[in-house]
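Chains as they are written, first to last, in this note's numbering: chain A, 1 to 197; chain B, 1 to 388.
Derived by calculation from the structure, the hints in this document are not laboratory data. Predicted, not measured: the structure shown is a model, and the values here were computed from it. One or more of the hints may lead you astray.
Stated by the list, open to error - A short, non-exhaustive set of chain A residues, derived as facing chain B with CB atoms under 8 Å: (1) ILE47; (2) PHE56; (3) PHE147.
Even glycine gets a Cβ: it sits at the ideal position worked out from N, Cα and C.
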Amino acid sequence: MKLIKPSDTEVWTKFKNGNDEALSLIFSENSKKLYLYGLKLTANHTIIEDSIQDLFSDLVRNRKNLGPTDNIHFYLIKSFKRRLQRQIQKEKRYNLKDNTEDYVFDITYSIEHDIILEEKSNHKLALLNKALSELSSRQKEAIYFRFTEGLGYEQIAEIMEMNVESCRNLIYRSIKSLKDSLCGNVSIVLFFLTHHF
Amino acid sequence: MEKRQYLKYTTEDFILDREFSGWVINPDKESDQFWNSFIQEYPEKGDLVRNAALIIKSLQPITQEVPQQRINAIFQKISQSSKSITLNYYSQLKYVAGIALLIAAGSLIWLSVQNNHQFPVEVASGPMLKGKIILSNGATREFDTEQTTLKQTASGSLTLNDDTIADHSKNTTTAMNQIIIPYGKRSEITLADGTHIWLNSGSQLSYPSEFKTDSREVFLSGEAFFDVMANPHKPFFVITRDVKIKVLGTSFNVSSYNEDNTTQTVLVKGKVSAGKNKLFAKTIDLTPGERMIFDKINDQLSKEHVNVELYASWVKGYLVFDNVPITEVYKKLGRYYNQTILTEDGLEIITFSGKLDLKDNIKDVLDNISFASPVKVFEKNGTFIIKI
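Please model the entire structure based on the sequences and the hints provided.
Spelled out as structure tokens, the structure:
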């Protein structure tokens with residue numbers, strides 16, 4: 001038996017027309033991704049869960065009046081981010097001792113965990129790791145949308161409320177700084193080589 | 001894409017190329033072949049490609065755990081909130097039903113701490129329309145509940161319509177298999193010892209692929225009718241969340257839905273003794289025709305004489321009621337047909353007696369009830385509403 005995955009447009013239309021199987025599908029395909037994204041913005045599980053619940057409750061309540069979309073995940077993450085940030089701000093207002101930065105995108109990259117590779121690439125990874133830690137929160141977030149969520153520049157720009165050109169630049173500059181960290185490595189090695197022999 | 005086009009690519013270009021990053025993150029046979037032959041054909045690009053791949057890999061976040069039970073709970077709340085808004089969304093209740101099992105399973109974790117027996121906990125991913133088997137090795141298999149014969153053979157293999165789906169004959173550990181029946185469906189299973197079990201809608205049964213040497217234990221949530229193969233040397237135990245039933249070859253019905261306030265055991269023939277699922281719990285012996293009720297609210301056990309036909313009839317495809325609150329009737333029918341049936345407040349004072357044929361469609365069954373009782377049936381968007 002061959003399973004044919006229905007298109008986002010199809011599933012969305014079904015959902016709008018009151019089909020509950022579509023709701024269930026949309027929820028199971030997106031809730032985990034939203035949760036994971038939420039964990040990058042806050043460590044407070046309760047407000048992540050509340051935001052997911054509010055988002056879906058509102059969708060169900062307004063299902064008849066929703067606009068069309070051909071990318072459900074994008075549609076959801078855009079709205080989810082707005083809700084979550086509102087909650088985070090609210091939380092901060094009540095917690096005066098909290099003097100953390102205004103905007104944090106807290107991501108742990110897998111290389112920080114598996115630097116058990118061979119010595120040679122180990123050094124490379126350490127350099128890369130350092131470069132990653134120097135990325136700004138906005139850079140990290142844009143990269144996350146691009147490489148983990150698989151979104152396009154237009155969509156990332158819309159979620160991050162910036163124009164497409166600056167979004168493209170933001171991502172390009174981040175990538176370039178990572179690449180430079182590796183190539184810097186090469187020139188350091190060359191420097192040592194030429195000075196020792 | 002042509003390989004040549006990649007020749008003028010910089011490291012950054014490779015990283016931002018969807019085809020390339022797709023290969024690094026999620027390689028398949030086709031992309032593997034393409035990129036490996038690219039590196040072979042243009043070895044001077046090797047370093048550049050390797051750096052690009054390294055950077056893409058470094059951008060992957062660590063795998064974080066998401067609390068699936070919390071997510072399931074959110075889905076349940078969403079379904080509930082939608083029903084309180086407008087009647088249109090009542091049909092969603094059937095998904096709530098599917099999920100209610102999971103929620104109940106969640107609370108079992110806590111319960112198992114106090115109880116004599118560890119209750120197997122299952123965390124499924126979402127609403128289901130098919131029956132599901134979770135094998136002891138973690139593999140799952142869905143099945144159509146209507147025409148399926150499940151059989152656990154004495155040699156340790158589990159068959160579904162004569163197809164072997166799990167073979168534990170080489171395995172010495174006694175791990176648990178789990179069968180999950182969604183609301184609106186029913187199924188039957190024959191265990192290795194010849195015991196036959198009918199599982200009613202919305203039930204879960206866990207049993208070891210091979211029984212222990214001194215006893216046979218199965219775990220149930222929901223409702224099941226047991227026809228246990230006699231073996232005085234190896235007593236058969238049915239363990240529910242709050243009751244433990246000891247059997248010495250007999251047939252009886254157990255109803256232990258988590259959403260019900262009571263767990264009921266009705267004995268048709270043979271002999272069972274039952275008690276709370278606690279260490280050193282006092283047990284009550286049942287003789288044929290008796291029903292033991294465990295009241296979850298008062299934490300009390302009691303027994304009484306009943307007409308067994310009323311409790312075992314669902315196995316044969318009909319339901320018999322004798323002077324029961326009509327709301328109970330609708331609750332059972334709702335489960336059996338996986339239908340939302342809403343009852344008006346005050347309806348519980350009406351009682352119902354009669355036999356309902358479950359081969360009829362739900363509409364006919366409901367019409368039959370209102371023929372015999374002072375109630376009216378309304379249908380709106382697939383939901384039935386019962387009024388006086």
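Hint by hint, here is what the structure shows:
1. ILE47: This interface hint is violated because 13 Å lies over the 8 Å limit.
2. PHE56: Holds. Min distance 5 Å.
3. PHE147: holds (5 Å)
Violation of the numbered hints given earlier is confined to hint 1; every other hint is satisfied by the structure.
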